[in-house]
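S.K.: Listed below are the residues making up each chain.
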Amino acid sequence: MDTAYLIETIIKVVVILLIFSALAGIGTYFERKVLAFMQRRLGPMYVGPYGLLQVAADGIKLFTKEDIIPTNVVRPIFKIAPVITAATAFMAAAAIPFFPQFTLFGYTVHPIVADVNIGILYILGVMAIGLYGPLLGGMASANKFSLLSAARTAAVFISYEVVSGLAILAPIMMVGSLSLIDFNNYQAGGIANWIVWSQPVAFVLFWIAAFAETGRTPFHLIANDHEIIDGFGTEYSGMRWGLFFIGEYANMFFISFVIPLIFLGGYGDGSLLGALGLIAKVAFFFFFFLWTRAAWPDVRPDQLMWLCWKVLMPLAVINVVITGLVMMF
Amino acid sequence: MKMEQFNDRNVADNGYFLVDIEDYPTDGWGKFKRVLKRSFKGELFVGLWVVLREMIKFDIHTVQYPEEKMPIGPRYRAVHEMKRLWESDAERCIGCGLCEKICISDCIRMDTKIDENSRKEVTEYTINLGRCIFCGYCAEVCPELAITHGGEYEQASEQREHFVDYEYMLTPLDKMKAGKQLEFEGFGAITPHEDERVKKTPLAY
Numbered sequence: 027m028d029t030a031y032l033i034e035t036i037i038k039v040v041v042i043l044l045i046f047s048a049l050a051g052i053g054t055y056f057e058r059k060v061l062a063f064m065q066r067r068l069g070p071m072y073v074g075p076y077g078l079l080q081v082a083a084d085g086i087k088l089f090t091k092e093d094i095i096p097t098n099v100v101r102p103i104f105k106i107a108p109v110i111t112a113a114t115a116f117m118a119a120a121a122i123p124f125f126p127q128f129t130l131f132g133y134t135v136h137p138i139v140a141d142v143n144i145g146i147l148y149i150l151g152v153m154a155i156g157l158y159g160p161l162l163g164g165m166a167s168a169n170k171f172s173l174l175s176a177a178r179t180a181a182v183f184i185s186y187e188v189v190s191g192l193a194i195l196a197p198i199m200m201v202g203s204l205s206l207i208d209f210n211n212y213q214a215g216g217i218a219n220w221i222v223w224s225q226p227v228a229f230v231l232f233w234i235a236a237f238a239e240t241g242r243t244p245f246h247l248i249a250n251d252h253e254i255i256d257g258f259g260t261e262y263s264g265m266r267w268g269l270f271f272i273g274e275y276a277n278m279f280f281i282s283f284v285i286p287l288i289f290l291g292g293y294g295d296g297s298l299l300g301a302l303g304l305i306a307k308v309a310f311f312f313f314f315f316l317w318t319r320a321a322w323p324d325v326r327p328d329q330l331m332w333l334c335w336k337v338l339m340p341l342a343v344i345n346v347v348i349t350g351l352v353m354m355f
Numbered sequence: 030m031k032m033e034q035f036n037d038r039n040v041a042d043n044g045y046f047l048v049d050i051e052d053y054p055t056d057g058w059g060k061f062k063r064v065l066k067r068s069f070k071g072e073l074f075v076g077l078w079v080v081l082r083e084m085i086k087f088d089i090h091t092v093q094y095p096e097e098k099m100p101i102g103p104r105y106r107a108v109h110e111m112k113r114l115w116e117s118d119a120e121r122c123i124g125c126g127l128c129e130k131i132c133i134s135d136c137i138r139m140d141t142k143i144d145e146n147s148r149k150e151v152t153e154y155t156i157n158l159g160r161c162i163f164c165g166y167c168a169e170v171c172p173e174l175a176i177t178h179g180g181e182y183e184q185a186s187e188q189r190e191h192f193v194d195y196e197y198m199l200t201p202l203d204k205m206k207a208g209k210q211l212e213f214e215g216f217g218a219i220t221p222h223e224d225e226r227v228k229k230t231p232l233a234y
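Here the protein sequences come in this chain order: A and B. Per the working numbering, residue 27 is the first one in the first sequence, and the count goes up by one each step. Per the working numbering, residue 30 is the first one in the second sequence, and the count goes up by one each step.
The set of hints was computed from the structure by calculation and includes no laboratory data. Be careful, since some hints might not be right.
What the hints assert, rightly or not - Some chain A residues close to chain B (C-beta under 7 Å, calculated; not the full set): (1) Pro102; (2) Ile103; (3) Ile106; (4) Arg319; (5) Ala320; (6) Trp322; (7) Arg326; (8) Trp332.
Unchecked claim - With a Cα cut of at most 20 Å, we get these calculated EDC-like pairs of lysine to aspartate or glutamate: (9) B:Lys142 - B:Asp194; (10) B:Lys70 - A:Asp324; (11) A:Lys336 - A:Asp93; (12) B:Lys60 - A:Asp328; (13) A:Lys336 - B:Glu129; (14) B:Lys70 - B:Glu51; (15) B:Lys86 - A:Asp295; (16) A:Lys307 - A:Asp328; (17) A:Lys336 - A:Asp324; (18) B:Lys209 - B:Glu225; (19) B:Lys86 - B:Glu96; (20) A:Lys307 - A:Asp324.
Quantities reported herein were computed from a predicted structural model and do not represent experimental measurements. Positions of the beta carbon are idealized from the N, C-alpha and C atoms, including for glycine.
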């Protein structure tokens with residue numbers, strides 16, 4: 027491993043960390059604004075022009091709040107839980123190609139930290155570890171609502187993971203690789219080559235599983251405010267709670283990258299237009315996360331498990347079988 | 030704003046109708062059919078379209094309160110005002126004491142004396158707004174339309190005493206000179222076009 031590669035990797039890691047931490051903050055601004063407009067409100071308006079500096083105000087608040095650790099909590103687990111959520115969210119980003127490779131000052135940059143050959147498996151695995159944050163935090167909090175939230179996390183955990191894994195299996199069989207760059211190159215021919223046309227069921231299933239993965243609104247039961255206060259976040263304050271938040275929003279952004287990369291052609295042939303196309307697709311999927319939050323009701327935990335085990339998993343299995351049969355003959 | 034839609038109590042004619050709700054399925058096949066129907070009917074997309082439509086229409090209902098305020102009705106009963114006479118700029122209050130008498134929460138206190146012109150003069154007049162329930166009886170009973178309710182609902186001050194002050198309620202002289210005193214149109218006030226509706230009392234029966 028030569029020094030240039032090491033420096034390049036470190037720079038890429040820092041850039042990704044900074045950009046997506048900032049995006050997580052700006053994501054909260056967009057969420058507030060979009061939700062407000064859909065509910066005929068204005069949203070944040072006072073801090074800065076059109077409330078743009080609200081993110082900074084929130085940041086200052088989170089950083090300067092007292093870090094309260096209640097008496098009866100299991101201290102080491104309570105302290106590490108938010109870090110798990112935030113860290114795994116960013117760790118998952120290591121195998122995501124954010125852009126096509128480009129040349130900067132005569133030096134070819136690959137905007138992916140590590141093009142490992144098990145990319146998609148690694149991303150799904152690390153994102154799944156992220157749910158240990160709510161699980162451990164909820165169990166360590168010595169709070170009934172947090173404990174309920176931890177139980178729900180476990181339920182979500184075992185339910186959606188099967189669906190997302192089986193749904194993604196059919197595209198993997200078609201591409202024959204787990205690297206997201208290979209996925210992208212498989213679809214580089216144009217819109218007609220997108221996997222979504224040959225695997226529409228897998229696309230919808232994976233999209234649904236992405237909502238459970240990030241804990242967004244139809245499956246927001248992990249931290250439903252109106253039922254269990256803030257769930258696993260009830261006992262947290264200050265920046266520890268903020269880490270949960272950053273993890274959630276970073277996860278939303280990363281899964282919004284993964285869905286277009288697998289199903290919707292990613293950055294296409296690697297031109298500038300393709301890169302802009304990828305950003306547009308990511309923006310749409312992120313917007314859809316906010317959109318559903320304004321439009322759809324939440325499901326109960328038992329409904330989520332019913333949906334995942336009795337509806338989505340059989341569909342995914344049938345999809346895999348049909349894909350295999352079509353590929354064989 | 031038109032009041033007809035609020036006064037019409039016959040809701041059946043206003044586009045209300047009974048929603049046709051099916052019975053819940055009892056057997057497995059019925060439940061399966063319901064799942065299929067719900068999955069492919071696209072009800073979720075109706076919800077998505079509704080919120081997106083509202084976002085595109087951008088019909089924002091927020092009132093950014095300290096900068097902009099909702100118009101307030103003329104019959105709104107907020108902090109009292111003491112009016113002056115248009116002709117002489119003198120105070121309208123004649124010290125009859127009716128408002129003090131009728132006040133059901135006992136918050137009006139007044140003192141009067143006979144001045145050098147043998148007219149009754151008000152020396153003290155206080156309303157304890159901490160006790161006042163803003164019922165409007167004082168404004169209704171006042172024969173001179175002197176004490177009325179204003180539209181000033183933002184009561185905030187450093188001193189509780191500010192709210193009992195007669196000077197605070199009295200129309201300032203400069204405002205009076207500028208002809209900007211607003212007549213109360215609310216509870217107990219003269220109705221508009223009262224002059225045209227007054228009939229002469231016949232002298233002989």
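S.K.: Are the hints correct? Go through all of them and say.
M.R.: These are the hints, each one checked on the structure:
1. With 7 Å as the threshold, the beta carbon of Pro102 (chain A) stays out of range of chain B, its nearest partner Cβ sitting at about 43 Å, so the hint is violated.
2. Among the interface hints, the one on Ile103 (chain A) is violated; its C-beta lies about 38 Å from the nearest C-beta in chain B, farther than the 7 Å criterion.
3. Checking Ile106 (chain A) against chain B: minimum C-beta separation of about 38 Å lies over 7 Å; hint violated.
4. A hinted interface residue such as Arg319 (chain A) counts as satisfied when its beta carbon comes closer than 7 Å to some beta carbon of chain B; here the least separation is about 9 Å, so the hint is violated.
5. Using the Cβ-Cβ criterion of 7 Å, the hint placing Ala320 (chain A) at the interface with chain B is satisfied: the shortest such distance is roughly 4 Å.
6. About 6 Å separates the beta-carbon of Trp322 (chain A) from the nearest beta-carbon of chain B, less than 7 Å, and the hint is met.
7. For Arg326 (chain A), the interface hint is violated, the least distance from its beta-carbon to any beta-carbon of chain B being 15 Å, above 7 Å.
8. Annotation: Trp332 (chain A) was flagged as interfacial toward chain B, and the flag is violated, the nearest CB pair being 10 Å apart, outside 7 Å.
9. For a cut-off of 20 Å, the pair hint linking Lys142 (chain B) to Asp194 (chain B) stands: about 19 Å separates their Cα positions.
10. Taken as a hint, the Lys70 (chain B) and Asp324 (chain A) pair is honoured in the structure, with Cα atoms around 19 Å apart against an allowance of 20 Å.
11. A hinted pair counts as satisfied when its Cα atoms are at most 20 Å apart, and Lys336 (chain A) with Asp93 (chain A) does not qualify at roughly 43 Å.
12. Taking the CA atoms of Lys60 (chain B) and Asp328 (chain A), the gap is near 16 Å; set against the 20 Å cutoff, the hint holds.
13. Annotation: proposed proximity of Lys336 (chain A) to Glu129 (chain B) is violated, straight-line Cα distance about 75 Å (limit 20 Å).
14. Restraint check for Lys70 (chain B) and Glu51 (chain B): the C-alpha separation of about 15 Å stays at or below 20 Å, so the hint holds.
15. Between Lys86 (chain B) and Asp295 (chain A) the alpha-carbon distance is near 37 Å, which puts this suggested pair outside the 20 Å criterion.
16. In summary, the hint linking Lys307 (chain A) to Asp328 (chain A) is not supported, as the alpha carbons are separated by about 32 Å, beyond the 20 Å threshold.
17. Restraint check for Lys336 (chain A) and Asp324 (chain A): satisfied, since their Cα atoms lie roughly 19 Å apart, inside the 20 Å limit.
18. Distance hint between Lys209 (chain B) and Glu225 (chain B) is unfulfilled; the C-alpha atoms sit about 25 Å from each other, more than 20 Å.
19. About 24 Å separates the Cα atoms of Lys86 (chain B) and Glu96 (chain B), which puts this hinted pair outside 20 Å; it is violated.
20. Restraint check for Lys307 (chain A) and Asp324 (chain A): the C-alpha separation of about 25 Å exceeds 20 Å, so the hint is violated.
In this structure, the hints that do not hold are numbers 1, 2, 3, 4, 7, 8, 11, 13, 15, 16, 18, 19, 20, in rising order.
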